[in-house]
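Following my numbering, the numbering of the sequence shown begins with 1 at its first residue and continues without gaps.
Keep in mind the hints are simulated off the structure, nothing from the lab.
Treat the hints loosely; a few may be bogus.
[Stated by the list, open to error] With a cut-off of at most 27 Å between alpha-carbon atoms, the simulated BS3-like pairs for lysine-lysine come out as follows: (1) K81 to K226; (2) K168 to K357; (3) K101 to K39; (4) K379 to K261; (5) K3 to K173; (6) K56 to K148.
[Stated by the list, open to error] Label-pair ranges, simulated between beta-carbon atoms: (7) G67 to T224: 17 to 23 Å; (8) L50 to L337: 41 to 47 Å; (9) K208 to L337: 28 to 34 Å; (10) L47 to K151: 23 to 29 Å; (11) S51 to L11: 33 to 39 Å; (12) R387 to D44: 53 to 59 Å.
Think of the CB as a built atom: it goes at the ideal place given N, C-alpha and C, for glycine as much as any other residue.
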Amino acid sequence: MKKFWQVIYNLLFVPLLYLLITFISFFKPKIRKGISGRKRIFEDLILNRLSLNLSKKIIWFHSSSLGEFEQAKPIIERLKKEADLNIIVSFYSPSGYENSKKYPYADLITYLPFDSKWRAERFVEIISPDLAVFMRYDIWPNHIWALKKKKIPCLLVDATMKKNSPRKFPILKSFHKYLFDNISKILTVSEDDKSGFEGFGCKNVQIKVVGDTRFDRVYKRSLTSKQSNIIREDILKNNKVFIAGSTWLQDEEILIPVFQKLLKYDKSALMIIAPHEPTLLNLEKLENEFSGKVSTIRLSYINNYSNQRIIIVDSIGVLSILYNYADVAFIGGSFKLNVHNVLEAAVYGVPVLFGPKIENSQEAKMLVDAGGGILVKNKNEFYRTLRKLFWNEEFRKTCGKKSYDYVHLHIGATDKIINEIIDM
1 MKKFWQVIYN LLFVPLLYLL ITFISFFKPK IRKGISGRKR IFEDLILNRL
51 SLNLSKKIIW FHSSSLGEFE QAKPIIERLK KEADLNIIVS FYSPSGYENS
101 KKYPYADLIT YLPFDSKWRA ERFVEIISPD LAVFMRYDIW PNHIWALKKK
151 KIPCLLVDAT MKKNSPRKFP ILKSFHKYLF DNISKILTVS EDDKSGFEGF
201 GCKNVQIKVV GDTRFDRVYK RSLTSKQSNI IREDILKNNK VFIAGSTWLQ
251 DEEILIPVFQ KLLKYDKSAL MIIAPHEPTL LNLEKLENEF SGKVSTIRLS
301 YINNYSNQRI IIVDSIGVLS ILYNYADVAF IGGSFKLNVH NVLEAAVYGV
351 PVLFGPKIEN SQEAKMLVDA GGGILVKNKN EFYRTLRKLF WNEEFRKTCG
401 KKSYDYVHLH IGATDKIINE IIDM
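Model the full assembly from the supplied sequences, consistent with the hints where possible.
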């Protein structure tokens, strides 16, 4: 069965995937950028590896993109603080790679090569890690098999397995059973995820529940954020701040008329809105939505603030800090396809609203169960809920405390993962 799945994967799936990526690259600049960035990957790796102190152990962390890398950071930073070792970080996507090239806790940052057999074996041969850590779900079979061949242990961390995962379909389940059996440890987010992995019937992999490092990450960032001063205190004073983060068009079509209606009855309402993609076109579109109805100002001009009711965030990387100013938060993507990170707001102890598209987020569902998250399905529900939160201080504070308690209850996954790494 071992040889069967390797042959099938490399003779059928890999060539088809390569053709598909090449085809899509004609239409997607992001994909083209990823292909271009991999052209000299092995030459660059060989040169960059010369800068490492090879007397130290090497731990390789792989993340698909920026979001998964945020989950890796607490582990990496603890390891660098407590042990003298080399950290190699790889990414599949250009967004992760480009936005993390200057990450100070990594000794070498690279793209992951395309998952063909010879590329994977060449990559593992060059970096020669003592341990590999894959974040969340982005495991590439030939790289796993190359590590196994070299007897290098590997971990899958912050692992999740949904009940309806396609990986459980009959033929795919057989393939993934073999793949997971080549991993040393699978460290899951919850008991349900552990049961999901155990359902594959693997015999050679340890499966343990350790929690989710995202809780540790948002908590640590919140401590730093509370020292920030992006928005002056006099702007916030006597205002109730509603922050809408990572919004898409579908979210804005709901929340903009809701907030405009709320503002008619509550002049202290102040909205800070951060579009998921703050391009010039999107910023101007937002300004046009409010033009003649509500005054707006961009965050980059905040020093010129003169009682505008809408602050439009025109930069990236500040949203998690801005949530610190919120009385109520809304998380975007939830009226489009998938809700974004609800923990970035919940960690500050504020009520967190989101639309109905939360199937991708176990945290959003659990936050609702905890009483700190509130799901709104349409404009009417959104308005009634937001108005109640703005006018009923006791209700707002109760929901906020439940958000705070939910996040703090789940802190500590990093410590458990570090212990599992030390035991390897």
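So, going through the hints one by one against the coordinates:
Restraint check: the Cα-Cα separation between K81 and K226 comes to about 23 Å, which is no more than 27 Å; the hinted pair holds. Distance hint between K168 and K357 is fulfilled; the C-alpha atoms sit about 23 Å from each other, no more than 27 Å. Proximity of K101 to K39 is assessed by CA-CA distance (about 17 Å); at most 27 Å being required, the pair is judged to hold. Restraint check for K379 and K261: the C-alpha separation of about 11 Å stays at or below 27 Å, so the hint holds.
With a C-alpha separation of about 16 Å, the suggested pair K3 and K173 falls inside the 27 Å cut-off, and the hint holds. For the hint linking K56 to K148, the alpha-carbon distance of about 21 Å falls within 27 Å, and the restraint holds. At roughly 19 Å, the beta carbons of G67 and T224 sit within the given window of 17 to 23 Å. Evaluation of the 41 to 47 Å hint for L50 and L337 yields a pass: the beta carbon distance comes to about 44 Å.
Range check, K208 to L337: about 32 Å between beta-carbon atoms, so the 28 to 34 Å window is met. For L47 paired with K151, a C-beta distance near 27 Å keeps the hint of 23 to 29 Å intact. The given range of 33 to 39 Å is respected by S51 and L11, whose C-beta atoms sit roughly 38 Å from each other. The supplied range of 53 to 59 Å is met by R387 and D44, whose beta-carbon atoms lie about 56 Å from each other.
Of the numbered hints listed earlier, not one is contradicted by the structure.
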